[in-house]
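What follows is each chain in one-letter form.
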Amino acid sequence: MPKANGAGQRPQKPEWYLGLAKYEKPDYHQAFRQLGNTVVPLLGLLALMLYTVIRGYRYGITLTLSVVPAALLMRSFIILHDCSHDSFFPSPVANAILGFLLGVLTLTPFGQWRWSHLTHHASFANLDRRGVGDVKLLTVEEYLAAPRLQQLIYRFYRHPLLLFGIGSTILFAVIYRFPIKGTRRRERNGVWFTNAAILAMMTVAGVTVGLRPFLLVMTPVWVMTWLVGVWFFYLQHQFKGVYWARQSEWDFFRASLEGSSYYQLPKVLQWITGNIGLHHLHHLRPRIPNYRLQQALTETPAVQIAPLTVRGNLTALRLNLYDERRRELIGFHELKRL
Amino acid sequence: MEQEHPIDESFGEYLWCELCGYVYRKTAWAAANDTCPHCGAPLINARAWEEIVQRNPRYPSTPIEGKKYALFG
Numbered sequence: 019m020p021k022a023n024g025a026g027q028r029p030q031k032p033e034w035y036l037g038l039a040k041y042e043k044p045d046y047h048q049a050f051r052q053l054g055n056t057v058v059p060l061l062g063l064l065a066l067m068l069y070t071v072i073r074g075y076r077y078g079i080t081l082t083l084s085v086v087p088a089a090l091l092m093r094s095f096i097i098l099h100d101c102s103h104d105s106f107f108p109s110p111v112a113n114a115i116l117g118f119l120l121g122v123l124t125l126t127p128f129g130q131w132r133w134s135h136l137t138h139h140a141s142f143a144n145l146d147r148r149g150v151g152d153v154k155l156l157t158v159e160e161y162l163a164a165p166r167l168q169q170l171i172y173r174f175y176r177h178p179l180l181l182f183g184i185g186s187t188i189l190f191a192v193i194y195r196f197p198i199k200g201t202r203r204r205e206r207n208g209v210w211f212t213n214a215a216i217l218a219m220m221t222v223a224g225v226t227v228g229l230r231p232f233l234l235v236m237t238p239v240w241v242m243t244w245l246v247g248v249w250f251f252y253l254q255h256q257f258k259g260v261y262w263a264r265q266s267e268w269d270f271f272r273a274s275l276e277g278s279s280y281y282q283l284p285k286v287l288q289w290i291t292g293n294i295g296l297h298h299l300h301h302l303r304p305r306i307p308n309y310r311l312q313q314a315l316t317e318t319p320a321v322q323i324a325p326l327t328v329r330g331n332l333t334a335l336r337l338n339l340y341d342e343r344r345r346e347l348i349g350f351h352e353l354k355r356l
Numbered sequence: 048m049e050q051e052h053p054i055d056e057s058f059g060e061y062l063w064c065e066l067c068g069y070v071y072r073k074t075a076w077a078a079a080n081d082t083c084p085h086c087g088a089p090l091i092n093a094r095a096w097e098e099i100v101q102r103n104p105r106y107p108s109t110p111i112e113g114k115k116y117a118l119f120g
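Line by line, the protein sequences are chains A and B.
With our numbering applied, the first sequence has no gaps in its numbers, which climb one by one up to 356 at the end.
With our numbering applied, the second sequence has no gaps in its numbers, which climb one by one up to 120 at the end.
For the record, the hints were derived by calculation from the structure and aren't laboratory data.
No experiment lies behind these values; they were computed from the predicted model shown.
All residues carry an ideal CB built from backbone N, CA and C; glycine is no exception.
Warning: the hint list may mix true and false statements.
Unchecked claim - List time: in silico DSBU-like cross-link candidates among lysine-lysine, alpha-carbon distance up to 30 Å:
1) 40/A to 73/B
2) 115/B to 40/A
3) 258/A to 115/B
4) 258/A to 354/A
5) 154/A to 73/B
6) 43/A to 73/B
7) 115/B to 354/A
8) 199/A to 115/B
Claimed, not checked - Sample of chain B residues at the chain A side, in silico, Cβ under 8 Å:
9) 65
10) 66
11) 88
12) 89
13) 91
14) 92
15) 102
16) 118
17) 119
Isolated chain B, as found in the complex (with noise of 0.2 Å):
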């Protein structure tokens, strides 16, 4: 577990893993031991749900938790 994560505090509920694209609470990700529940990537690799929606607008605000977003969609 990363002693000190980069995630801003200003992230929302939702992160979603770079590395396999699969989206979760943050809550998921800590009882994970800061890892994805997918795919097992540290929380460094985890971006804001919110800024994955801002790039593609067709998401929606809130995704469905455990499911795979492609970074386009």
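So that you can see chain A by itself, here it is in the shape it has in the complex (with noise of 0.2 Å):
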């Protein structure tokens, strides 16, 4: 951790930390390189599957193709990502518009998921600021102290069939529709104007080739964006091991290191998530864009830390409560061991 360089002044950071800072830099090049290779094969994929509906394929043909799809759906959304923290283009203005018109793809209205993202920035790993941004987490007191209906709510709601089937479907599909709390009017309007701009597309859609054929293609290629994509942010910051601490503890660098997961993947779904599962590099360092992240993290091996497995990974599912005793997250099934 980082040492204190004198009374009163603030502990100087590691040098590999200050390096960091030269990954740091949006390049068009590559941003056009990387939309090119995601979002226009999105595209005509999206028109083969249509192509398929409206010429009367049967449905499975159609859900088979959906796939590749929605692995790109899922890559446009780390995009999305990027444009949020003004990484992905050196340009705000060209981020500011990416980041709406993948938002309206993904229908995610961009400034406020900005705004609850990097409220989440601020806020992960940290006990006492949960509520934006994050999978809702209780302590093992919290549950305890809640009223039996309470913890039968937070029991459900904490169900993978619900967190990562239903639940990431009603998160996109119906809460994304409506403006959060504490965000300012900015954010609001920007909300209407996402779902004007989603009520557009399907009007044109509608129009065009029918809301019918519309839906039966973007419907599975939503879902399954979503799920997967809900599943990899529950792992970011819920695994075994992971470090959570309340605000007068709280460590940048902890959070970071320990609080955020490196969940390693074979190099094509590296490729599909765009490097989002070097997710402590990314809290260490937001705004390296995610094209530079792998280069970041080969080049700098302070930050090569124990990769999450796939066993870890699967254990995550039953990590349900934060035990502030032990420092560990744990099951419901642990509560009678306490």
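Could you use the hints to bring the two separately framed chains together as a complex?
Okay, structure coming up:
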């Protein structure tokens, strides 16, 4: 951890942390290349799916085809995520425009999502700042002190089938249609503007190809993207051995390196998810574009932490409460042993 | 207050809040318990004014403290 450099002064940042600043450089060439190999094939494959629906092919063929567009839409969401950090293009205007357009495509109100995500970056792994841009998490004490009905609702909410199944669809399709508490007028207006743009997109689709074919194409793509997206977001800060702390003890470096996962994926999945598995590094330096994260990791030994394993990935599903005494996440089944 | 905030020592005198767009001197952030004096965002959400100017060449190199500057001017 960084060492203080004198009484009353802030701790000095480690050299490796300062060295990571050189990767915070958005680049038009890499950004356009990424757009070209993501959004262009995405639109092409959606058109192909539409063709199968309009031509009356069996819907199973359309559904089979939807896997690749869903993967590309997932990657598009990571680009949106970069835009929210103003790190995809060098131009803030270009980031805002692209973020909005990708927001319409993924049914995400860009401005509000940006606000909640930036708030998340200031509150992650902090037990006193839960509530914005994160997956709801209770401590053991909070859970035990809650009325029975609230406990049941929490258990229901944390059930994988709800959280990753129907929950992800409810989040993107319904909850994101409304402003959330704490946002400013600009973000609130952005929500309605995004809704209007989505409505316009559907109207154009209805007039040209028909609303039913459009929804038959987009629904499986959206649902798969949202499901995997929420699963990844969950794994980023909820896993065995994760660091969470109260505000008085919260430490930025520990929260980044121990409170955020390094989810090492096979290369194809890493490409699809735009390096978001290197989440610990993303929290250390949020303005490193996704297309520079792997290089930053490779060239910085200090951030080459132990990756989350497939087993750890599955174990994380059973972690539901934070035990402040043992300083770890536990499952409901472990409550009896406390 | 963050125990070890991520602001680089290389950051200049003014910090821009990425949540509300207002600019204040580092000393004003410090006086507000290391939060944005306008919206209360923590220091993690602060960006160096020099970086904002680099991306918005029309912005002055010395901003007016307490003024809102949109991310793109």
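Hint check:
1. Distance restraint check for residue 40/A and residue 73/B: the Cα-Cα separation of roughly 23 Å lies within the 30 Å cut-off, and the hinted pair is therefore satisfied.
2. About 28 Å separates the Cα atoms of residue 115/B and residue 40/A, which keeps this hinted pair within 30 Å; it holds.
3. Simply put, residue 258/A and residue 115/B have alpha-carbon atoms about 42 Å apart, too far for the 30 Å limit, and the pair is violated.
4. Between residue 258/A and residue 354/A, the direct Cα distance comes to roughly 19 Å. Compliance with the 30 Å bound is thereby established for this hinted pair.
5. Restraint check: the Cα-Cα separation between residue 154/A and residue 73/B comes to about 33 Å, which exceeds 30 Å; the hinted pair is violated.
6. Taking the CA atoms of residue 43/A and residue 73/B, the gap is about 24 Å. The hint holds against a cut of 30 Å.
7. For a cut-off of 30 Å, the pair hint linking residue 115/B to residue 354/A is broken: about 53 Å separates their Cα positions.
8. As the CA atoms of residue 199/A and residue 115/B are separated by approximately 22 Å, the hinted pair is consistent with the 30 Å bound.
9. For residue 65/B, the interface hint holds, the least distance from its beta-carbon to any beta-carbon of chain A being 6 Å, beneath 8 Å.
10. Of the supplied interface hints, the one on residue 66/B holds, with its beta-carbon coming within about 6 Å of a beta-carbon of chain A, less than 8 Å.
11. Residue-level restraint check for residue 88/B holds (minimum Cβ-Cβ distance to chain A is 6 Å; threshold 8 Å).
12. Proximity of residue 89/B to chain A holds as hinted, the smallest CB-CB distance being about 5 Å (cut-off 8 Å).
13. Below 8 Å, beta-carbon pairs count as interface contacts, and residue 91/B has one with chain A at about 4 Å; its hint therefore holds.
14. Because the smallest distance between the Cβ of residue 92/B and any Cβ of chain A comes to about 5 Å, under 8 Å, the interface hint for this residue holds.
15. Below 8 Å, beta-carbon pairs count as interface contacts, and residue 102/B has one with chain A at about 5 Å; its hint therefore holds.
16. A hinted interface residue such as residue 118/B counts as satisfied when its beta carbon comes closer than 8 Å to some beta carbon of chain A; here the least separation is about 4 Å, so the hint holds.
17. The beta carbon of residue 119/B is positioned within 8 Å of a beta carbon in chain A (closest approach about 4 Å), and the interface hint is therefore held.
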